[in-house]
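**Student:** Chains as they are written, first to last, in our numbering: chain A, 1 to 411; chain B, 1001 to 1221.
These aren't lab readings, by the way, just hints derived from the structure by calculation. Backbone N, C-alpha and C define an ideal beta-carbon position, used for all residues, glycine too.
Cut-off 30 Å, straight-line C-alpha distance, at most; resulting in silico cross-link-like pairs (BS3-like, lysine-lysine):
1) 1215/B / 387/A
2) 387/A / 1221/B
3) 1137/B / 156/A
4) 1137/B / 387/A
5) 270/A / 1089/B
6) 112/A / 131/A
7) 1215/B / 188/A
8) 156/A / 387/A
9) 270/A / 1196/B
10) 1137/B / 270/A
11) 1215/B / 319/A
Label pairs and their computed distance ranges (CB to CB):
12) 1190/B / 189/A: 40 to 46 Å
13) 355/A / 1213/B: 40 to 46 Å
14) 370/A / 1135/B: 35 to 41 Å
15) 1060/B / 328/A: 54 to 60 Å
16) 1114/B / 355/A: 54 to 60 Å
17) 383/A / 1125/B: 24 to 30 Å
18) 1078/B / 60/A: 40 to 46 Å
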Amino acid sequence: MSDDTPISRRAVIAGAAATAGAALLEKLPSPTIPQNPPQGTAPADPSTAPGAPTSGASVRSAFETPARAPVGILTGASLTPLHQLTGSITPNDLLFERHHSGVPTIDPRRYKLLVHGLVDRSMTFTLDDLKRLPSASRIYFLECSGNGRGAYRDPKPEMTPQQVDGMTSNGEWTGVPLRILLQETGVKRSASWFLAEGGDAAKVSRSIPMAKALDDALIAYAFNGEPLRPSNGYPARLLLPGYEGSTCIKWLRRIKLIVQPNMSKDETSKYTDPLANGTARQFSFAMDAKSIVTSPAHPARIERGWHEITGIAWSGHGKIARVEVSTDGGRTWEIAELQEPVLSKAHTRFRHMWNWGGGPTTLMSRATDEAGYIQPTRAVFEATRGKGTDYHYNYIRAWNVEQDGRVMFAV
Amino acid sequence: MKMRGGIAAIPFLALAQLACETKREVPPPSGANSTPAAAAAIAPPASESDVPRAVDLRPHYRGIGRAATAAEVRAWNIDVNGSGAGLPKGRGTYARGAQLYAQQCASCHGPKGEGIAPNPRLVGREPSDFSFGTDPKLVKTIGNYWPYATTLYDYINRSMPFNTPGSLPPDDLYSVVAFLLVENRVIDTSLVIDAKSLPRVRMPAHDRFVQDDRKAGATFK
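Chain B with its partners taken away, still in its complex shape (with noise of 0.2 Å):
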């Protein structure tokens, strides 16, 4: 019970450092043919950045927890973000990976990626004018909607094949994501990808997205 007092009496230190911090933009990632567009969607929401870091933070309950060691750091630490930070060594080729979605994805998801209902719809194109908001109509794909190439390593990585996510090796990841960005018109037969590929491919829809602009407030957005 003290210590449950000590947080409440303890005055909280207003870390105005950190709170200017969070207002800078966020550099967009490195490698990527950024734009000043997908610089906005990274940067942190304003109504949230707007909130001062006033909370102490020295530890107060040493012995609750332990260190984690780096063999616990390194099975979990798998994200991949659109910098292409996380992506492991290896490549894929479109040839190898054509030949892996045949056996490990076509089955839910079509043999060109075209979907098996209700597993989604993978390739595609248009509309080439984003116009989702309008259309309910309009089906997403890799193609015509996800803003990061790198994505695809990190959520295939993590959540497929459905029925064994995990089970790919990063060869087998890489080749896939390749056949993929292929099927979509993406890139070319040739481009082998890696580490350092990847983050560079620039997708279809990248600069579509934009920052939430809702505030806490009377206007409808």
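Extracted from the complex, chain A is given alone in its bound form (with noise of 0.2 Å):
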């Protein structure tokens, strides 16, 4: 797929991400720059000798180095390497992240859930007691909702799948769900939303409808098969499948059951959508089907003949129905293959061979989901909701082939 050594494609996703990075959250400090890890080495013939040793916990192949992209610092995110990864489960270390006030260290030992407000009895659970009560494994992705901000209000050729839209992840997340917690402390006929409220020194919070706690969301303490991640919410987060990441609230520590929303920070100044007409979406839970192609992609640079064009396909209201590619830069379209099983609300894996001519062209990839939605246009989403709209960018995205095989963002 690409005639670049390790090293030299490592040395353009680090000076992209210098570039590109910064474009991806609103005002932040300089994103840090990955230092290039070292390069593998091995023997000549490795069967004429044994081996490394028997170990604890294993480590990836020195040969193999993706890795995270870091945007600021306390303030922060750290964008997933779509474009080096397969399938559709991303890996614990790589599971993106966004935080507001730093990454909390938290002692499960001393953590409690308080579950208050409209109730009949106001509770605490400890995490043991969460992992007492009926668990839930699902699979799920999880996408902040400014993801994509950057592709779209600063897009640059040398942007990655990982620039372009790295803050969309998907695995197995374990928890209990809430209506389970919420039928030992019962629900008061008045309560209408809930508040979910974090333990870190933001103490982010959102309301959502009670409709969602009763229905799917899930307060999950594993990701993959091990516990969360510090950066991922430890020890126990709320999961709310198909709502923007937001909502999810991290190191959860009180839940309250309320009547009206309560206009918190990150519901009203953040996370709203400005639109076309002078006014601003509020509420705007659901992330639309959405797709990219993550190979090939920048940096890649490919060679003539059979190319697997494959990527990620989403939809926050259930399951991926089609994505169907264009290798002619939307003129026609083709139906890709979906790796089955199909989830609702997860990434899906798509796959399509093209056999490239040698000809500049650009691929495209473009999702239905089950209720029939259709992946806009950028010319469509940007009539509709403005050239100053804010998240929410799930249009389609497009990439260049060059004459001499670059892959390039096409801006």
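Taking the hints as your guide, dock the two standalone chains into a single complex.
**Tutor:** Here's what the structure looks like:
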């Protein structure tokens, strides 16, 4: 796929992160430039001598160095390297993060979750309590609603899938359904919303309709088979399938059942979507259908001949029904193969074989979900919501294949 | 395992009354100068209220979890909502707020709230036409974007000052809020800010917020 050496490819990634990363989040400090990790070395013939001994926690091959791209420091994010991943599950150390006042250190033995407000019985639950209750393990995507802001506001050809859309990840969340906690506390009839609040220094809080609490909301304590990592909410977080990431409160310490939404900072001054008609959309929870080709994509450089065009598609409204791929800039579309099983509100891997004849062209993907929603073009998106709109940037992404085989983000 | 089987086996009780309840218009915050537009903004999204509440809400696992103490609830029950519920006793003035702002806030947000990158600007009234959707260069501020004055108290209390969040007592918080509202030309320097006056402060952008009208389906909005 690429004739770059690993080192030069990493250098390109690091350089692009330095220039493009800043555009991904508003007004944050300059992104940290990842150091080039040591290149792997191997004996000429590994079959002639014993290898390394057994170990506790295994590590990646020294030849493989996928890494998140940090942006900002205490108020910041770190982006999943979508172009370095296959399948649909995001490894735990590469799950994207976003936080507003640093990553707190929480002792699981002292952790407690308070559930109060319009309940019959105010209760607290320890981490052990949560783990004693009936658990569920489900695969869901988690996407920041600001994902794609840099690509919309300040697109650059050198952007990788990580820089375009690295604030989405996918994996298996294990926890206790929120409705099971609410069975224990009881729910008063006047409860129409609930407030979820984190135990970090920002104490981020969001108001969510009760219907979601009684539907598929999860208090998650594990991801991909192991406890949540601190940057992703250890020891427990809210996970609202299909909803914008900001609502999935990390380091969850409190749930309060309420009559009307709180009008917190992150549901008024942030995470509201200004529209072209002079209004701003509030409580825009659901993430609409979206897709992105992750290979071939920048910084890949391809040769003539056969290539697998592959990427991920997802929808906050259910399953992906269809992904179409265009290899001619959107003039014609072909149906891509979807990796089974296709799961609701989860990344779905798509694939389409393509024989590149050598001329410049543009690759695109277009997702349709089971509700019939079709990912819009950028032109339609911009005309409908406006050039200055914010959040929920789910229009079609495109990659230009240049004459020399370089693949560049289409701006 | 018996318990888990029990959950699945219990016929869900369709709580029709609750389902109806979520469909009603939630009244606007009392005390605020609310408008029909504001009421629309705080009603539950239609797509969500259509989900029936078909869940059995009887306790199943007595012995897991315990009753919260009043002290536990008091320690964490910090939220202040749009109608002012949750605001504590106390009062603040612009003069005191100006002193506190200079000491606690100006190093990050600038002496006049103009912002010091990457920390956001807080003060400004332009644009007056809320044209954020069409102009990506516009900077959102308290004066041109925030719909509720109560959010200032709620947010500053929970998250600020950045290095010592939660350290300011109510009188100081009310004073900083007063300072920011004056600097944004929302109130006069003479207005004392407290639990009664703050929810009555009408923010310039209050009517600009609308309920999410997107729904699952073919239509792009």
